[in-house]
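**Q** Each chain, written out:
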Amino acid sequence: MQTINLLYKNRQRKHLFYLAGFTLLLLPTALCILLNGAIDISGTQLLESMFGKSNDSSSLILWQIRLPRLVGAFFGGVSLALAGTVLQAVLKNPLAAPSTLGIAQGAAFGAALGITLSGMPDLLPHLQGLPGSISEYAMTSGFAFIFSLLTTGTIILLAHLQNSGKESIILAGVALSSLFMAGTTFLQYFADETQLAMIVHWTFGDLARASWPELYLIGCVTVVSTLYFFSNRLAYNALLAGDEVAQSLGVNVKRLRFVSMFMASLTTAATVTFFGILGFVGLIAPHMARRLVGSDHRYLLPLAAVLGVLVLLFADLLGQALLDPVVLPAGVITSFLGTPVFLLLLFSRRRSGTW
Amino acid sequence: MVMEIKNLSFSYGSQSVLQEICCTFQPGFIYAILGVNGAGKSTLINLLAGFFKPDSGAVFLNNDNLHKLSLSRLAMEIAFVPQQQQLSDLTVCDFLLLGRTPYVRYQSANADEEIVFGILEKLKLKSLALRPLHKLSGGELQKTALARALVQQTEILLLDEPTSSLDMKNQLEVMEIIVRETVEKALITIITMHDVNLALRFANRFVLMQEEKILAFGDFEVMSEKNLSELYGLSVEIHTVGKTTLVTPKRGI
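Top to bottom, those sequences are chains X and Z. Counting from 1, position 62 in the first sequence corresponds to residue 62 in the working numbering; the numbering is continuous, with no gaps. Each number in the working numbering comes from the position in the second sequence (counting from 1) with 1000 added on.
It is worth saying that the hints were derived from the structure and are not from the lab. Where a beta carbon is used, it is the ideal one built from N, C-alpha and C, also for glycine. Treat the hints with care, since some could be wrong.
With a straight-line Cα cutoff of 27 Å, these simulated DSSO-like cross-link-like pairs (lysine-lysine) come out [claimed, not checked]: (1) Lys-1213(Z) with Lys-1053(Z); (2) Lys-1124(Z) with Lys-9(X); (3) Lys-1053(Z) with Lys-92(X); (4) Lys-1135(Z) with Lys-9(X).
Below, a sample of chain Z positions facing chain X; criterion: calculated Cβ distance under 7 Å [unchecked claim]: (5) Leu-1069; (6) Leu-1071; (7) Ser-1072; (8) Phe-1080; (9) Pro-1102; (10) Leu-1130.
Isolated chain Z (complex conformation):
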């Protein structure tokens, strides 16, 4: 599976949000979409999920136009995790079972439940299996949401700011799960992110978005001081501490 964006433009009414976007996503990589607020990160991920239709251009899955596929077919190809999870009194088990919705004809089968239990085990969420969603902590909730997307067994994973409301430990745990699954299942994982350092640590491809366009797209080479300074509109420095690369703003307070 290859996901390809060709000359994609989109606007909210008369306000243009994305212009002539082009890029290609390959399996087995984690793509971090970076940019300042309002650069069009969320719009892009919503377009990739099929929620919005582009004004011109298209998104292709192999050779199929994504926006011409049926919703149920799309649900078997692309899983999406929003930034904010909607709470309910569904238990974690039943919530994960939602991930099987595209495959269920009439009644979910034992096989579907086995998949759910398998993911629970793998993500160490077993102890939460029968807890209602509204009684989970922020970290548990985000992991559960991710688990629901994995239960969907798609080749493409779209995550909108999956770690933005988490503490350091939970950020790492969530990102580690994402990396492991991406490598193991050869997923195309696309994540919008605010935290450049987290992106540098876990992602291996970067989409830098600025003013409706892609400023740069590629591997670690695009994460240069020059590009990042331009992206965030302030000069930054890149340090290497051991194996970790860190980006810090130059202007201190």
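So that you can see chain X by itself, here it is in the shape it has in the complex:
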């Protein structure tokens, strides 16, 4: 009796150790982000700028470029990783993630549509009062957001219509992805050179793109969804035992599945709209966490969130260092990382029958 208790506590301690370790690793990584870039900033300059004792260019760089990048990586990493983890839980499919369900591709199509339409002001006369750059920006983001939500709506509808066989949801996601990619290609074919460049550039997920007002918005959405996900961590655990058992344990399975998918897509939509496509973060981070602490969502959710941030920060640093002085956007790096992980998941039969 005493011994199981001890063994069980030890196991929990090990999980907490992973969590604490990776959280601590965030600090030096964050520091690297703040210190590295086109212009060198020293440690003392960093401290002076942080606490408002300096007003020179380094302070400007820090507050307007590096810090937004860091905060962006934080919110983006947390929201994409948690969205992936939760989608995997409610769809019972290890391959579920924002990028494999077509949500990101939907956003890319929306952005391309926004860029193309804002090049044709005759079509939308009521926008003509606004300065060109603002209306263009609003249209790009607005359409990206709407289309990522539309994709999710379709996925939720399909999941709802087809109560069993959740494997096919991923296939539906693949179908939607290729539909939206075809749509984007179609728009690219008719776009002029500037628009083409904008469309292509939009799809490169880049942490440097968002500035403070957008970060506030992403932050709010991330905080709300994170609170929802964490408060339901035991319900996600119950779902591991099957829908019927979860319901017999008092979990409203239908509502949990619906609200979770909605929340996951909302945070993904907000992140993708302002950063572009940061492919596979929602797949890599949850699976790294799963390898370390298993599927117990009490530990899986926080660890996946921390790993999501770390993956984005490393991708950003790697993007800066790899082809220096050319800076690669983080999205390019995460997509490169994602493909092997995706294939590994597909072809290595996990030890369990289900995961």
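Assemble chain Z onto chain X, guided by the hints.
**A** Then chain Z, alone, in the frame of chain X:
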């Protein structure tokens, strides 16, 4: 606690599955629901678990309509074990802890863990405590699923074919646990079963279901050659070997 089914009817779309079912379940008894495939056994147990809503009639827990209770309240009254267990990499300990979900507000307390450890000890599953679910054998998995339901500490236990995929030894072990807990905690235990002989050996009340209706309901008296022959649609013989009653089909191959 008394569970009472009153005039319960249910259909899948236009296909009627249960018609005007009535019966009462008392604490301390094991009720075996018997019948051929498609007689409505599983549908009935799903209705009792609250997964389906009846077309007409109702199920009462004391005086409360079961289908009007909240899910969390229901989870404190009724535990359900499905026929097939869904595998995951949760350890046996963490899986059992799921049984405390209805009671946990924010974080499971030490008291919840003590309940889990207690059941593990009682069901002799201690050595499996930290093993992931997908590494258990069929018998261990079924016992673990049963343990999870016991951790839920409800007065009603619903089991859908708990022994159908087990070997003889594990069948006996699982049924012995069910009998012991039912008597000790005065549970209402309702089990759907295919194996008439296992039912005769361990259950003490029988619900014979045929073509959407209850053919007979009661104690050992309803397990007559006549009733069972009608239930399974072939003539059977009842033998008594020592203390054991055995049912065998007459038509041999």
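**Q** Under the criterion of a CB-CB separation shorter than 7 Å, is Phe-1080(Z) in contact with chain X as hinted?
**A** holds, 4 Å
**Q** Should the hint that Leu-1069(Z) touches chain X count as held when the rule is a Cβ pair under 7 Å?
**A** Status violated, d = 11 Å.
**Q** Does Lys-9(X) lie within 27 Å of Lys-1135(Z) when you go C-alpha to C-alpha?
**A** The hint holds at about 21 Å.
**Q** Could you check if Pro-1102(Z) really has its C-beta closer than 7 Å to a C-beta on chain X?
**A** holds, 4 Å
**Q** Has the given pair, Lys-1053(Z) with Lys-92(X), been kept, meaning a C-alpha gap of at most 27 Å?
**A** Holds, at roughly 26 Å.
**Q** Quick check on Leu-1130(Z) please, does its C-beta sit within 7 Å of some C-beta on chain X?
**A** holds, 6 Å
**Q** Please verify whether Lys-1213(Z) and Lys-1053(Z) have alpha carbons no more than 27 Å apart.
**A** holds, 18 Å
**Q** Does Ser-1072(Z) pass the interface check with chain X, least Cβ-Cβ distance below 7 Å?
**A** holds, 4 Å
**Q** Quick one, is the Leu-1071(Z) hint okay against chain X at 7 Å, beta carbons?
**A** holds, 5 Å
**Q** Run the distance test for Lys-1124(Z) versus Lys-9(X): straight-line Cα separation, threshold 27 Å.
**A** holds, 20 Å
Of the hints listed earlier, the one the structure fails to meet is number 5.
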